[in-house]
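Participant: Sequence:
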Amino acid sequence: MGFVIVVALGLYLLLAIGVVAWAINYARKNGKSTKRWGWGAGLVMWLIPFWDWLPTVATHQYYCATEAGFWVYKTPEQWMKENPKMRVLDYSEKNSDDFLMEKTPDGGNKTSFSTRATSNIKYTKFVTPILVVTKNRRLEEFLFDEKQKNLLVKRITFQSGNISGAPNDLSDYKFWINLSQCDGDIGNTDKTTWQKTFNEFLRLGE
Numbered sequence: 000m001g002f003v004i005v006v007a008l009g010l011y012l013l014l015a016i017g018v019v020a021w022a023i024n025y026a027r028k029n030g031k032s033t034k035r036w037g038w039g040a041g042l043v044m045w046l047i048p049f050w051d052w053l054p055t056v057a058t059h060q061y062y063c064a065t066e067a068g069f070w071v072y073k074t075p076e077q078w079m080k081e082n083p084k085m086r087v088l089d090y091s092e093k094n095s096d097d098f099l100m101e102k103t104p105d106g107g108n109k110t111s112f113s114t115r116a117t118s119n120i121k122y123t124k125f126v127t128p129i130l131v132v133t134k135n136r137r138l139e140e141f142l143f144d145e146k147q148k149n150l151l152v153k154r155i156t157f158q159s160g161n162i163s164g165a166p167n168d169l170s171d172y173k174f175w176i177n178l179s180q181c182d183g184d185i186g187n188t189d190k191t192t193w194q195k196t197f198n199e200f201l202r203l204g205e
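Under numbering that gives the first Met the number 0, residues 0 to 205 are what the sequence shown spells out, in order.
Any given hint could be a false lead.
To be verified - No farther apart than 30 Å at their CA atoms in a straight line, the calculated lysine-lysine pairs in the DSSO-like style are these:
#	residue 1	residue 2
1	Lys121	Lys73
2	Lys80	Lys173
3	Lys134	Lys121
4	Lys153	Lys121
5	Lys195	Lys73
6	Lys73	Lys146
7	Lys134	Lys73
8	Lys146	Lys84
9	Lys134	Lys173
10	Lys195	Lys84
11	Lys195	Lys80
12	Lys173	Lys121
13	Lys134	Lys80
14	Lys80	Lys153
15	Lys148	Lys73
16	Lys195	Lys121
17	Lys31	Lys80
18	Lys153	Lys195
19	Lys146	Lys173
20	Lys195	Lys146
21	Lys146	Lys121
22	Lys84	Lys73
23	Lys84	Lys148
24	Lys84	Lys153
25	Lys153	Lys73
26	Lys153	Lys134
These are calculated hints, taken from the structure and not from any lab test.
Sequences and hints are given; from them, build the entire structure.
Facilitator: Shown next as structure tokens:
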């Protein structure tokens, strides 16, 4: 598939060069500005495949800087202190049957653990402030106490492009708009910190 994409881009580049050359030649024959016609044709040919690149990158960077973050409402230590029966489980006490996954009405994925901790992951597509539809997605991850319904930790991040790996439409082949999750979250925390805290909670149970 990668070879096909490279060939397609190569053919499009040749087509773009041909269009620009034709525009310059047309302008020269008709006494018009060759620079304007050449640059104009080049811009049009560039925008056809790449029109959503700048809005996607700008939106991704903006929301990563203003809304991405990782919030701890209760540490694993606090959770254990408030629940005297809570303890660190051995791996032998956990198996695949401990994990129950289900879809939620808001489009999220809920995973319930026998350790009382429940994870809820939700992807949301959104429109940019300039009303341009992009492949940006807002990812919200929550971990809460299923028994007491208390929120333990929350993480918000953003990513763009084809995240599933399998293309669903032509826009999924636009690898140049594939942007990974925000590298740095608010509070100088990152995905590694989130995963560490998440795993600490999942080790606890009654």
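Participant: Hint by hint, say whether it matches the structure.
Facilitator: Status of each hint after checking the structure:
1. The straight-line distance between the Cα atoms of Lys121 and Lys73 is roughly 21 Å, inside the 30 Å bound, and the hint therefore holds.
2. Note on Lys80 and Lys173: the hinted pairing is violated, with a Cα-Cα distance of about 50 Å set against a maximum of 30 Å.
3. Only pairs whose Cα atoms come within 30 Å are accepted, and Lys134 paired with Lys121 is accepted, the gap being roughly 15 Å.
4. Restraint check for Lys153 and Lys121: satisfied, since their Cα atoms lie roughly 12 Å apart, inside the 30 Å limit.
5. Proposed proximity of Lys195 and Lys73 is supported: the alpha carbons are some 14 Å apart, at most 30 Å.
6. Restraint check for Lys73 and Lys146: satisfied, since their Cα atoms lie roughly 15 Å apart, inside the 30 Å limit.
7. A distance of roughly 33 Å separates the Cα atoms of Lys134 and Lys73; the hinted pair therefore is violated under the 30 Å criterion.
8. Proposed proximity of Lys146 and Lys84 is supported: the alpha carbons are some 13 Å apart, at most 30 Å.
9. Restraint check: the Cα-Cα separation between Lys134 and Lys173 comes to about 10 Å, which is no more than 30 Å; the hinted pair holds.
10. Between Lys195 and Lys84 the CA atoms are separated by roughly 22 Å; this keeps the pair inside 30 Å, and the hint holds.
11. Between Lys195 and Lys80 the CA atoms are separated by roughly 19 Å; this keeps the pair inside 30 Å, and the hint holds.
12. For the hint pairing Lys173 with Lys121, the CA-to-CA distance comes to about 24 Å; that is within 30 Å, so the pair holds.
13. The hinted pair formed by Lys134 and Lys80 fails the criterion: a straight-line CA distance of about 43 Å is larger than 30 Å.
14. Proximity of Lys80 to Lys153 is assessed by CA-CA distance (about 20 Å); at most 30 Å being required, the pair is judged to hold.
15. At most 30 Å may separate the alpha-carbon atoms for a hinted pair to count; Lys148 and Lys73 meet this at roughly 13 Å.
16. Between Lys195 and Lys121, the direct Cα distance comes to roughly 20 Å. Compliance with the 30 Å bound is thereby established for this hinted pair.
17. With a C-alpha separation of about 79 Å, the suggested pairing of Lys31 with Lys80 is violated against the 30 Å cut-off.
18. At most 30 Å may separate the alpha-carbon atoms for a hinted pair to count; Lys153 and Lys195 meet this at roughly 13 Å.
19. Using a Cα cut-off of 30 Å, the hinted pair Lys146 and Lys173 is violated, with the two alpha carbons roughly 44 Å apart.
20. Proximity of Lys195 to Lys146 is assessed by CA-CA distance (about 22 Å); at most 30 Å being required, the pair is judged to hold.
21. Between Lys146 and Lys121, the direct Cα distance comes to roughly 21 Å. Compliance with the 30 Å bound is thereby established for this hinted pair.
22. Taking the CA atoms of Lys84 and Lys73, the gap is about 17 Å. The hint holds against a cut of 30 Å.
23. Annotation: proposed proximity of Lys84 to Lys148 holds, straight-line Cα distance about 17 Å (limit 30 Å).
24. For the proposed pair Lys84 and Lys153, the alpha carbon gap of about 24 Å is at most 30 Å, so the pair holds.
25. Proximity of Lys153 to Lys73 is assessed by CA-CA distance (about 10 Å); at most 30 Å being required, the pair is judged to hold.
26. Between Lys153 and Lys134 the CA atoms are separated by roughly 23 Å; this keeps the pair inside 30 Å, and the hint holds.
Checked against the numbered hints above, the structure breaks hints 2, 7, 13, 17, 19 and satisfies the rest.
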